[in-house]
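Using this note's numbering, the first residue of the sequence shown is number 4, and each one after it goes up by one.
Calculated from the structure, these hints are not laboratory results.
Since the structure is predicted, the reported quantities are computational estimates derived from the model, not experimental observations.
Mixed in with the good hints there might be a few duds.
[Unchecked claim] Estimated spans, in silico, between C-beta atoms of each pair:
#, residue 1, residue 2, range
1, ALA71, VAL38, 38 to 46 Å
2, MET83, GLN45, 51 to 59 Å
3, ALA15, TRP78, 35 to 43 Å
4, LEU52, GLU99, 50 to 58 Å
[Said to hold, decoys possible] Calculated lysine-lysine pairs in the DSS-like style (CA-CA distance at most 25 Å, straight line):
#, residue 1, residue 2
5, LYS5, LYS34
6, LYS90, LYS76
7, LYS76, LYS94
8, LYS96, LYS81
9, LYS94, LYS81
Glycine included, C-beta positions come from ideal geometry on N, C-alpha and C.
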Amino acid sequence: MKGFFAACMIAAGVLLFGGVVMLLWNAILPKVANVSPLNFWQAVGLLALSRILFGGFRFGRPGGGGPAFNRRKQWREKWMNMSEEEKAEFKAKWRERCGRK
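Construct the entire structure; sequences and hints are all you get.
Next comes the structure, spelled out in structure tokens:
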């Protein structure tokens, strides 16, 4: 049942984004760039082509956001476990490194 629901949501998203692309293209580009209007399926094809060329539409990654997220989480845990004196010393070291006093 989850798979069917996910497939329906993906199909609805593709149809919605295709409609948005078609509406925006037809509202703006024929007047500005003197191009012909798109039909719905051309808009969906343009959307798929942009996905292939630019690798967009990433809604999430397996593993919770990649290495940057894990580093941020580690630093946050380290910071939360520091005493007030350690935090002040840490801030002073970074101010010195960055040229601030």
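Cross-check of the supplied hints:
1. ALA71 x VAL38: 38 to 46 Å: Roughly 39 Å apart at Cβ, these two residues keep to the hinted range, so it holds.
2. MET83 x GLN45: 51 to 59 Å: 53 Å, holds
3. ALA15 x TRP78: 35 to 43 Å: 39 Å, holds
4. LEU52 x GLU99: 50 to 58 Å: 51 Å, holds
5. LYS5 x LYS34: 44 Å, violated
6. LYS90 x LYS76: Distance ~17 Å between LYS90 and LYS76 Cα, so the pair holds.
7. LYS76 x LYS94: Measuring from Cα to Cα gives roughly 18 Å; hence the hint holds.
8. LYS96 x LYS81: At roughly 16 Å apart (the allowed maximum being 25 Å), LYS81 and LYS96 satisfy the hint.
9. LYS94 x LYS81: Judged against 25 Å, a Cα distance of about 14 Å means the pair holds.
Going down the numbered hints, you'll see the structure goes against just number 5.
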